[in-house]
Each structure stands twice: as C-alpha cells, then as structure tokens.
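2 protein chains.
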Amino acid sequence: MKDLLVIGSVALDTIKSPSGCAREILGGSATYFSISASFFTRVNLVATVGMDFPDRYRKLIKGFSVDTKGLETKNGRTFRWEGSYVEDLNCARTIDTQLNVFAEFRPDIPREYKDNKYLFLANIDPDLQLFILRRFKGSKFTGCDSMNYWIQTKRASLKKLMSKVDAIFLNDNEAKMFSGESNMLKAGRHLVSLGPRYVIIKRGEYGSLLFSKDGAFSAPAYLLDRVCDPTGAGDTFAGGFMGYIAKTDNLSPQNMKKALLHGTVMASFAVENFSVNRFLKIKKKDIETRYKDLRRLITP
Amino acid sequence: MKDLLVIGSVALDTIKSPSGCAREILGGSATYFSISASFFTRVNLVATVGMDFPDRYRKLIKGFSVDTKGLETKNGRTFRWEGSYVEDLNCARTIDTQLNVFAEFRPDIPREYKDNKYLFLANIDPDLQLFILRRFKGSKFTGCDSMNYWIQTKRASLKKLMSKVDAIFLNDNEAKMFSGESNMLKAGRHLVSLGPRYVIIKRGEYGSLLFSKDGAFSAPAYLLDRVCDPTGAGDTFAGGFMGYIAKTDNLSPQNMKKALLHGTVMASFAVENFSVNRFLKIKKKDIETRYKDLRRLITP
Numbered sequence: 001m002k003d004l005l006v007i008g009s010v011a012l013d014t015i016k017s018p019s020g021c022a023r024e025i026l027g028g029s030a031t032y033f034s035i036s037a038s039f040f041t042r043v044n045l046v047a048t049v050g051m052d053f054p055d056r057y058r059k060l061i062k063g064f065s066v067d068t069k070g071l072e073t074k075n076g077r078t079f080r081w082e083g084s085y086v087e088d089l090n091c092a093r094t095i096d097t098q099l100n101v102f103a104e105f106r107p108d109i110p111r112e113y114k115d116n117k118y119l120f121l122a123n124i125d126p127d128l129q130l131f132i133l134r135r136f137k138g139s140k141f142t143g144c145d146s147m148n149y150w151i152q153t154k155r156a157s158l159k160k161l162m163s164k165v166d167a168i169f170l171n172d173n174e175a176k177m178f179s180g181e182s183n184m185l186k187a188g189r190h191l192v193s194l195g196p197r198y199v200i201i202k203r204g205e206y207g208s209l210l211f212s213k214d215g216a217f218s219a220p221a222y223l224l225d226r227v228c229d230p231t232g233a234g235d236t237f238a239g240g241f242m243g244y245i246a247k248t249d250n251l252s253p254q255n256m257k258k259a260l261l262h263g264t265v266m267a268s269f270a271v272e273n274f275s276v277n278r279f280l281k282i283k284k285k286d287i288e289t290r291y292k293d294l295r296r297l298i299t300p
Numbered sequence: 001m002k003d004l005l006v007i008g009s010v011a012l013d014t015i016k017s018p019s020g021c022a023r024e025i026l027g028g029s030a031t032y033f034s035i036s037a038s039f040f041t042r043v044n045l046v047a048t049v050g051m052d053f054p055d056r057y058r059k060l061i062k063g064f065s066v067d068t069k070g071l072e073t074k075n076g077r078t079f080r081w082e083g084s085y086v087e088d089l090n091c092a093r094t095i096d097t098q099l100n101v102f103a104e105f106r107p108d109i110p111r112e113y114k115d116n117k118y119l120f121l122a123n124i125d126p127d128l129q130l131f132i133l134r135r136f137k138g139s140k141f142t143g144c145d146s147m148n149y150w151i152q153t154k155r156a157s158l159k160k161l162m163s164k165v166d167a168i169f170l171n172d173n174e175a176k177m178f179s180g181e182s183n184m185l186k187a188g189r190h191l192v193s194l195g196p197r198y199v200i201i202k203r204g205e206y207g208s209l210l211f212s213k214d215g216a217f218s219a220p221a222y223l224l225d226r227v228c229d230p231t232g233a234g235d236t237f238a239g240g241f242m243g244y245i246a247k248t249d250n251l252s253p254q255n256m257k258k259a260l261l262h263g264t265v266m267a268s269f270a271v272e273n274f275s276v277n278r279f280l281k282i283k284k285k286d287i288e289t290r291y292k293d294l295r296r297l298i299t300p
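Respectively, the protein sequence lines represent chains A and B. Take 1 as the starting number for the first sequence in the numbering used here and just add one per residue. Take 1 as the starting number for the second sequence in the numbering used here and just add one per residue.
Quick caveat, the hints were computed from the structure, so don't treat them as lab data. Each hint should be verified, as a subset may be incorrect.
Copies of the same chain are indistinguishable here, so a pair counts whether it falls within one copy or spans any two.
List time: in silico DSS-like cross-link candidates among lysine-lysine, alpha-carbon distance up to 27 angstroms [to be verified]:
| hint | residue 1 | residue 2 |
| --- | --- | --- |
| 1 | LYS186 | LYS16 |
| 2 | LYS281 | LYS154 |
| 3 | LYS186 | LYS281 |
| 4 | LYS258 | LYS292 |
| 5 | LYS154 | LYS2 |
| 6 | LYS284 | LYS62 |
| 7 | LYS186 | LYS283 |
| 8 | LYS257 | LYS292 |
| 9 | LYS74 | LYS257 |
| 10 | LYS69 | LYS16 |
| 11 | LYS114 | LYS59 |
| 12 | LYS164 | LYS247 |
| 13 | LYS62 | LYS247 |
| 14 | LYS285 | LYS213 |
| 15 | LYS59 | LYS164 |
| 16 | LYS247 | LYS257 |
| 17 | LYS285 | LYS186 |
| 18 | LYS69 | LYS140 |
| 19 | LYS257 | LYS69 |
| 20 | LYS164 | LYS213 |
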C-alpha cells in the first residue's frame, strides 16, 4: 500500500435532482476522489477552502482517514457550485459557479508529500497541473482529469499534460471534443497517440472504456435501481481506480482493468445519495460484494 | 443444429447517412435477421413482397442458404421505408413509410416449417404475433421484437405476447416506454415480471443488457472505427442471438450470454455497410475473430 496524493477542489455544492434539493453540501473533485480512494490506501489531500468552510466538513473528510494537512484555509469564501439534474439525470446543468478562493489556488504541497509515488491532478488549470507534475519527477503513476472549459481555452497545455501523465480521465463528450472524433474508438486511439499510457473514457450510466497501446477494455456501469445525485461520480470513479492501483502497487495492464472495475463500484455508491453521504454507510465488505456482482454482470 | 423460422418484413429501404445515400436497397427485419442467423443454422423465412421486388434481391437472400419458400409475392408494391441518420448516427429519422403489401400481411406458413422448434417473430402487429405463436405450441425457444408504435397502440396484446415468448428484444427507449420506468434496471425487472424468460435490451453503440430471473448480463458493443448505416442492427443482433441458440440447441443461462455476444458481433458487421452488403464479404472465420476480440474487450 502506497500513499496517494490528490490535488483539486473542495467545494460547497447546491444540487437539484429528481430526489430533491440539497444546499451547501460538501463537494469538490478532491473531496470525492480522496474519500473514494481512502477505502483502498492512505490519501493525502491538497486543496483550498475559505474561512466559511464548515468545521464539520473538515472533520467529515478527516473521518475517512484522509490526511488534510494540505487543506489550506484562505481569506475569502469557499468555491461554490450549483447544478441541476432535474431535466436529465445524466447531465448536469450548471446554475451558478463561484470560484472564490479556488480562483487563486496555488497549491502549497506539504514537504512530507513530496515523495508520494501516486499522484492525481483533479480538474484544475492544465498549466497548474503541469507545474505540479514537474515537482513529482520521481512519481510511479500519475493521473489527471480535465473539463470542456480547458479543452476550449488551454488546448496546447492540455496536450502537453497528456504526454506526461500515465492516465487521463475524460468523459465521452470531452474525449470527442478534444480529439475532434465523434467515433469513440478513434477518439480513444487519438488520445493514446498523444502519450498517456492509459486513456479512461467515462460514459456515465453506460460505464467506461480503458484504452492503451495494448487495446481496449470495456466496463458497464453497476446497475442501480435508483440514482439520487450523479455529482462527483467521475472523481469517485478516478479515486477508486487510483486508490486500487496505489493499494496494489501493481502497474500491470491486467491490474488497470481491475482498477477500472473498482472505480465503477465506488462511483455506484457515490450516486446513491447527495454529497459523500453514502460513504458514511459502507464498509470494505460492501465494496467487495458489489465488485463480485459487477464481475458476474460481465462474465459470460 | 436446428431449423430457425423467422416471420417479419422484407423491404426496400432508402437510407441517408453521413456515408452517403442508398436508394431502394434490400432491407426489412426478416431480411437482416435471416441473413445474420444463416451464419449459424438453417433459416426459414416467411415474409411478403410485391410484384416489383427485384429478382436479384431474392437471389441474394437465397445465396445465404436462407429457405425462401415462405417469401410470398403479392399483387402490389413492396414495403418501402426511407430514413436518415445524417443528424444522428444512433437514431433514425423516418422520412417516409409505405407499407404496401405488408399492410395486409397474413403469413401463410409452409407446412414443412410447422415443426420448427426455434421461432422469431420480428416486428409486426402483436395480435398477428400471438396468432402465429398459437400455431407453434411445441416450440422450444421463441423470440420476438416490437416497436414504439405497438407499445402505444396495442399495449394489452404486447403484454400478453410477452407472457408467452421466451425472449423479448426491445431497444432502451422501447423498454422504458413499455415499463414506464426511466431506470434501466427497474425497466428490465418489470419486463421479466411479465413472463418472458429473457429480456434483451438493445442500447445501440452502448451494447446490450440481458435480464432474467437469475440476474443480468451486460455486453458492450463491438468497437468499430466507422459506422456506415445502423439500419437493421437490432434485427441482425437478434438473428445472431437466435441463430446461435438454434445452432447449439442449448438453453442454459450461460449459452444465452454467449448468444448475446454473437448477436453483438453480427450487428457490428451489419452497420459497416448499407443493407446486408457486409455479409457478402465475411466468412465464419471473421465472426470467430470478432468474437475473440469481443471476449478480450470484456475480460478483466
């Protein structure tokens, strides 16, 4: 088991979904990622919040044994995001984004994390992702996420980033947008040609695809009879994937496929309740049970 | 290897797709189904065409060793359908439908087919499907397809039909519409509760789901770098599924999963060219190769 460092956002979300409305709940890419990964390995979190960040949320994150030494409190308000899934559970409609202290995020990485071999750069400015990556030359496995905004505004930086990370996580629309290919196989191949060893394409309720020079692996989503709030599913998925890799410390192609299935399982829990609430109710045994269910779902 | 009987439509299609436009090409549910299934077992086709049906198309179907004794020629014009995939490769926009002789389709099933143990009722009026089914009381495995039109207009008949067949093939929108459930797991469970032993939900480029009382199995679509024309993919899929079951004459739950994968492989060929043209170029070896590829795609 190795330490896994994640750098990203901790936020306060307001979510409208067919299941109801939740205000100022704990969100953010690094939150979902770190809590998901904490079920597999030791996780170190680097993010920034404002003076208004509720102490109970900091305690909640710490409760999952996530190391929060790198969770800085800055003068100002915490990053806020408001979104709705009322029209379409598979696609968030952003109502409001207030970056607040996150706009000036310049992560100050605690010295004791400098030797972390497993690193995840959640969705932030790709130039900042590149800057951080340069400080982890000795890393063993690095992953990153991005979003449509950076694809549109910082394409060159993102392309450079892709050539330097081991795994890039994008959703299907982002993969199509970045590659300019509407065909998923062509999009995956194009992204692999840019340098990352693994390209992971997230397809929401349809599962995910893992592309590498060795070929492709397809995983369906875990079948749920109710989805409450899809927020953070992608980051939870990445947290399960990276957490499993760091736990097993095994970079074989076969282990990547198992990691994809563990990411799938973790995402299935995330969407069953608002915020990270579902993770307060599960144990490692529940993860194992769903992993077995998922294996059955894909075994001919 | 057992005989497989299919009752459905033979049509002349005019298709617009991003790959171009094709006029008056061979189409119809029973055409796609029978040619796909012919790679696995002996297929008997029951359908109707008009006086204008080109002889070369009849020869083309016969060329796949499909028995066309039940392909009746009636006074009138052949069923025509015109559709476009220019806006969305995953969803046909119907431009024109002319039922012609198909409107009065009352299948006259050749006596020598009466003992066929494997039967597929392609998309026709559910009352007609029920009528035919009653004449095959001794069947071993029966499958049927339907469409949104019948769900809206003949719901009760369709429900009755479902309680009498072994396998029902629907696409995801039809499954949601019929069950009134937007959640796929709930939709699948609801359909299974109506009586069919197997519910197969087709999800286009996202693959398919097989539901039964024993649980679910998920298969991705075969990854293609180019889709020319998705017309007939669902019928080709059902043809591969039913053809494989009839060939192996094995009704075990595990064989159903293999059948689903064979259906997936056959559908992947169908969409690579207009009409059934792709099947003129493949051999059994090509099916085996894609089947192995597909197994690799889903094996962790």
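- Task: If the cutoff is 27 angstroms on CA atoms, where do LYS186 and LYS281 land: within, between, both or neither? Let me know, please.
- Result: between (40 angstroms within a copy, 24 angstroms between copies)
- Task: Tell me, please, which holds for LYS285 and LYS186 at an alpha-carbon limit of 27 angstroms: within, between, both or neither?
- Result: Cα proximity of LYS285 and LYS186: across copies only (25 angstroms, versus 38 angstroms in one copy).
- Task: Indicate which option fits the pair LYS74, LYS257 if close means a Cα-Cα distance not exceeding 27 angstroms: within, between, both or neither.
- Result: Answer is neither; intra-copy 39 angstroms and inter-copy 55 angstroms both fail.
- Task: Could you figure out if LYS164 and LYS247 sit no more than 27 angstroms apart (CA to CA) within one copy, between two copies, both or neither?
- Result: Classified as within: same-chain Cα gap 22 angstroms, cross-chain 50 angstroms, threshold 27 angstroms.
- Message: Within a copy, between copies, both or neither: which one fits LYS258 and LYS292 at a CA-CA cutoff of 27 angstroms?
- Response: both (11 angstroms within a copy, 20 angstroms between copies)
- Evaluate LYS281 and LYS154 at a C-alpha cut-off of 27 angstroms and name the case that applies: within, between, both or neither. Classified as neither: same-chain Cα gap 40 angstroms, cross-chain 45 angstroms, threshold 27 angstroms.
- Is it within a copy, between copies, both, or neither that the alpha carbon of LYS257 lies no farther than 27 angstroms from that of LYS292? both (14 angstroms within a copy, 18 angstroms between copies)
- Message: I want to check one pair: LYS164 and LYS213. Are their C-alpha atoms no more than 27 angstroms apart within a copy, between two copies, both, or neither?
- Response: Close inside one copy (16 angstroms), not across copies (48 angstroms); limit 27 angstroms.
- Query: For LYS69 vs LYS140, is the C-alpha pair at or below 27 angstroms within one copy, between two copies, both, or neither?
  - Reply: Cα proximity of LYS69 and LYS140: one copy only (22 angstroms, versus 66 angstroms across).
- Task: Have a look at LYS285 and LYS213 and pick one of within, between, both or neither, based on CA distance no larger than 27 angstroms.
- Result: Between copies only: 25 angstroms across chains, 34 angstroms inside a chain, cut-off 27 angstroms.
- Message: Treating 27 angstroms as the Cα threshold, decide for LYS284 and LYS62: within, between, both or neither.
- Response: within (18 angstroms within a copy, 58 angstroms between copies)
- Message: Treating 27 angstroms as the Cα threshold, decide for LYS59 and LYS164: within, between, both or neither.
- Response: neither (35 angstroms within a copy, 57 angstroms between copies)
Hint compliance for this structure: hints 2, 5, 9, 10, 15, 19 are broken, all remaining hints hold.
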